[in-house]
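Enquirer: As they're listed, the protein sequences go chains A and B.
If you count by numbering that gives the first Met the number 0, then the first sequence holds residues 0 to 500, one letter each, in order.
If you count by numbering that gives the first Met the number 0, then the second sequence holds residues 0 to 500, one letter each, in order.
Hints should not be assumed to be uniformly reliable.
Said to hold, decoys possible - Under 10 angstroms between C-beta atoms, here's a sample of chain A residues computed to sit facing chain B:
{"#": "1", "residue": "Gly37"}
{"#": "2", "residue": "Thr45"}
{"#": "3", "residue": "Gln192"}
Don't read these hints as lab results, they were simulated from the structure.
As the structure is a prediction and not an experimental result, all values here were calculated from the model.
By construction, the Cβ of each residue, glycine as well, lies at the ideal position given by its N, Cα and C atoms.
There are 2 protein chains.
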Amino acid sequence: MGIEEKIGQLQAHQKKLRAYKHAMNLLNYDGSTLMPSGGADYLSDTLETLSGEEYCLRTAPEVRELLLKLTEVSEKLDLQTRREAEELLREQNRLLRVPKEEVMALESAASRATACWQEARKNSDFAAFAPHLEKLIEIKKRYAGYIAPEKPVYDVLMDDYERGMNQKDMDAFFGELKSALTPLIGQVKEAGQPDTPFMEGPFDTARQKALSGMLMDIMGLDRTRCVLGESAHPFTTEFSRFDVRITTRYTEDDLTGNLYSVIHEGGHAMYELSIGDALSYSVLGEGASTAIHESQSRLWENYIGRSREFCHLLLPKLKELFPAQFSGVTAEELYRAVNLARPSLIRTEADELTYPMHILIRYELEKAVFGGDLKAADLPGEWNRSYREYLGVDVPDDARGILQDIHWAGGDFGYFPSYALGTAYAAQIFDALKQDVGVARCCETGDFAPVRQWLTEKIYQYGMIYTPAQLIERTCGKAFDPGFYILYLREKFGRLYGAGL
Amino acid sequence: MGIEEKIGQLQAHQKKLRAYKHAMNLLNYDGSTLMPSGGADYLSDTLETLSGEEYCLRTAPEVRELLLKLTEVSEKLDLQTRREAEELLREQNRLLRVPKEEVMALESAASRATACWQEARKNSDFAAFAPHLEKLIEIKKRYAGYIAPEKPVYDVLMDDYERGMNQKDMDAFFGELKSALTPLIGQVKEAGQPDTPFMEGPFDTARQKALSGMLMDIMGLDRTRCVLGESAHPFTTEFSRFDVRITTRYTEDDLTGNLYSVIHEGGHAMYELSIGDALSYSVLGEGASTAIHESQSRLWENYIGRSREFCHLLLPKLKELFPAQFSGVTAEELYRAVNLARPSLIRTEADELTYPMHILIRYELEKAVFGGDLKAADLPGEWNRSYREYLGVDVPDDARGILQDIHWAGGDFGYFPSYALGTAYAAQIFDALKQDVGVARCCETGDFAPVRQWLTEKIYQYGMIYTPAQLIERTCGKAFDPGFYILYLREKFGRLYGAGL
Chain A
0 MGIEEKIGQL
10 QAHQKKLRAY
20 KHAMNLLNYD
30 GSTLMPSGGA
40 DYLSDTLETL
50 SGEEYCLRTA
60 PEVRELLLKL
70 TEVSEKLDLQ
80 TRREAEELLR
90 EQNRLLRVPK
100 EEVMALESAA
110 SRATACWQEA
120 RKNSDFAAFA
130 PHLEKLIEIK
140 KRYAGYIAPE
150 KPVYDVLMDD
160 YERGMNQKDM
170 DAFFGELKSA
180 LTPLIGQVKE
190 AGQPDTPFME
200 GPFDTARQKA
210 LSGMLMDIMG
220 LDRTRCVLGE
230 SAHPFTTEFS
240 RFDVRITTRY
250 TEDDLTGNLY
260 SVIHEGGHAM
270 YELSIGDALS
280 YSVLGEGAST
290 AIHESQSRLW
300 ENYIGRSREF
310 CHLLLPKLKE
320 LFPAQFSGVT
330 AEELYRAVNL
340 ARPSLIRTEA
350 DELTYPMHIL
360 IRYELEKAVF
370 GGDLKAADLP
380 GEWNRSYREY
390 LGVDVPDDAR
400 GILQDIHWAG
410 GDFGYFPSYA
420 LGTAYAAQIF
430 DALKQDVGVA
440 RCCETGDFAP
450 VRQWLTEKIY
460 QYGMIYTPAQ
470 LIERTCGKAF
480 DPGFYILYLR
490 EKFGRLYGAG
500 L
Chain B
0 MGIEEKIGQL
10 QAHQKKLRAY
20 KHAMNLLNYD
30 GSTLMPSGGA
40 DYLSDTLETL
50 SGEEYCLRTA
60 PEVRELLLKL
70 TEVSEKLDLQ
80 TRREAEELLR
90 EQNRLLRVPK
100 EEVMALESAA
110 SRATACWQEA
120 RKNSDFAAFA
130 PHLEKLIEIK
140 KRYAGYIAPE
150 KPVYDVLMDD
160 YERGMNQKDM
170 DAFFGELKSA
180 LTPLIGQVKE
190 AGQPDTPFME
200 GPFDTARQKA
210 LSGMLMDIMG
220 LDRTRCVLGE
230 SAHPFTTEFS
240 RFDVRITTRY
250 TEDDLTGNLY
260 SVIHEGGHAM
270 YELSIGDALS
280 YSVLGEGAST
290 AIHESQSRLW
300 ENYIGRSREF
310 CHLLLPKLKE
320 LFPAQFSGVT
330 AEELYRAVNL
340 ARPSLIRTEA
350 DELTYPMHIL
360 IRYELEKAVF
370 GGDLKAADLP
380 GEWNRSYREY
390 LGVDVPDDAR
400 GILQDIHWAG
410 GDFGYFPSYA
420 LGTAYAAQIF
430 DALKQDVGVA
440 RCCETGDFAP
450 VRQWLTEKIY
460 QYGMIYTPAQ
470 LIERTCGKAF
480 DPGFYILYLR
490 EKFGRLYGAG
500 L
């Protein structure tokens, strides 16, 4: 069998995997949007079964043989094929260490925990959720033991989201962030806040929906391949680069929640929609890592969407949709309003300055759960203590505390650190972007094609062909440096809250 | 290996099949509701791949061995297990006659044709759809040749929807209908029509949505397991008996479209939601056949929903939601308005009397395509000629003619006759129901629990355990007899349009 034929087999195998991904992502998407509550258990069973089928497909002896043969001749392969074989073999090696039953058990437990979490959060009932959380922690500990018994559990878990991410590096990263931001946050708390009565609403939901559409068009999201839905927690899921779903949520008394959710999820969607043609059916046809993905959502949401220039673009549209609220408001007032920095309870609604502290708290809690002896039952207490210590806020209930995010219910431990890392990536990428592209000019004209083209050329098109480190190096001309992030925050919030900062 | 162990394997196999069904039904549902247009090709690829995976699963040598061994000891099996093995073996025998590539090609062609049909119908552009239709007809002809080369193609196709349905029986059935209804329809056309200005609207969409919810509650549909969505063509799809989706469509100038779509699809949903516990993960856990399924949607829609008694229940709700339109309207006037009999263009909006003629036309066209030499390209002309001959109406464009229904785009040839058959089943089942249950009393109280209980006891709970013929015999105490249907139509429309009929 010649190389060409082997490559054909590799492509056929990937096409199958993509079909399972499409189906399972849709099942999960439907579960979070339309599914009636009674369907939750059956959905868990379906996901469990399909994850077992996918496991068999990925670990089949003939696939192993194919991948090993391709690896032998890797120097004869084009870059894409070589990377495909490499990634598939890496994933196969990972899966072969874990019994199929454990993979299925995780899928099922995560789906059931997610259904429970939705109710538990609504009722602020941590006790109902605790057994699920405990079970997931146990499964994940066993999982890490299968994968790399010689490594710290938490390092193994983080590596699944951002390859190579480990406690040593993240301790340094968060240490730097913490020492830079803690005094800044303290000073902001003492500084006065601007008065922003126009943000109090009410903001009619139908008009907010019109705003969502405008935002998608401003960003240049292809509406024939991307649709916006509603869910309790905004999220993005991709079935292919031809079909990406984003969600938001509407509340009459809050405009910024929807506004920045659409831009944030739109940034994730833009990445997936702009992956190169050749990767349509490839396992490499998705974002390079969770942190790189988050860098793209944050870049659009914060570095562009919360800029002074973007507020100039946005204001006339807000005046048109909500004349009662925004008549007489200046772009500078809007800019200050969407950049209010103040310690708060909810991560997804946090301002840019205090956001990393929310992630730091989760990082420390996850470390304590997987590396120390913190039990699931003790998490709410520890959570509340941390919020008091780091942000100076009192958590009134678990719904606004430990139960606020969906990730742990999905078994995603070690995911949160990638949020802070991605936001820091974004600062460095944005710095490089501004050297080549007139972002301020894009805000003036409302045409972001130059931004999209630059990001496509540097990052989007490659999917997983390059590693996060390679992408940063190629895009920015140097290795990742959190200094860009710290400098950005210091300058932005220094100007907003006085030169003293 | 003992029988118990084999039964366990049979159950595990069915659970896998149900997971594929869940995923593929959801993919199709999403394709008809939320999917952006750009996702259509990728969806076709995913469905093609998964249908191939399902083919492999159903025809695996170890499954064949299991089914044959269970068949050998069938007298030792309980009824459900025996029937499961029987149905799985029957389907396996069917699939083993057809190459896997043909099964996948059909799935892919149907998905692509459905996407094309949506646009073609919008633009009344038969020419765009014709190549897809031709391709599907060719695939289906080849398919029938694989399955039973000795049988007429159309008999093979009809048998897939209603086991044993064939042209000989259906010729007799439609012949009887045609000779009874043609003079009736002629007389109705000559009789005067009641004046029903209150049906002209406008009917606010938000209020129509409220009506949909009321109707679901009146029927007693479990809202934790059944949700209503929107689509161009109303339909029902079930992922499991814990999760059934129905759709409707809203237009401001038409109330009855939504009203009877919800009741019709609600009838389908009720059936699926009421299948017995033991069949949750069984291949028998769905309706007995398409005609039996249709009997249940039609029973709720027409025999209950279009009855005089139901109009009494409905009217106060309509007056509440649409006071401008319905103030001063009597229940008798509403009853006449929802039972206007007049030849029309659109099958799904046809009255009970002319409905069977729509099906007859399709039956004759399908017969001519698969048994004669009618070509896809000649279908619109033949369609229009038939509508003139049988219903006396001129078809103004293909959107309201040959392109109106989705079925052929999905490769569903031989499906339509089951609609007429199901409606005739419903007449006979309703006759039996009325002997045991005070349906008029249910309309008075608004509590249809007795109807649901009777239908569950007689039909719903059994899923596919009994054949359609067995179900009719058990429920009605005699074999299927289309006389009930003809008598019902003659009496109802005789009274509505004068004793002369």
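Enquirer: State for each hint whether it applies.
Expert: Hint check results:
no., hint, in the structure
1, Gly37, "holds, 4 angstroms"
2, Thr45, "holds, 4 angstroms"
3, Gln192, "violated, 39 angstroms"
Hint 3 from the list above is the single one not met by this structure.
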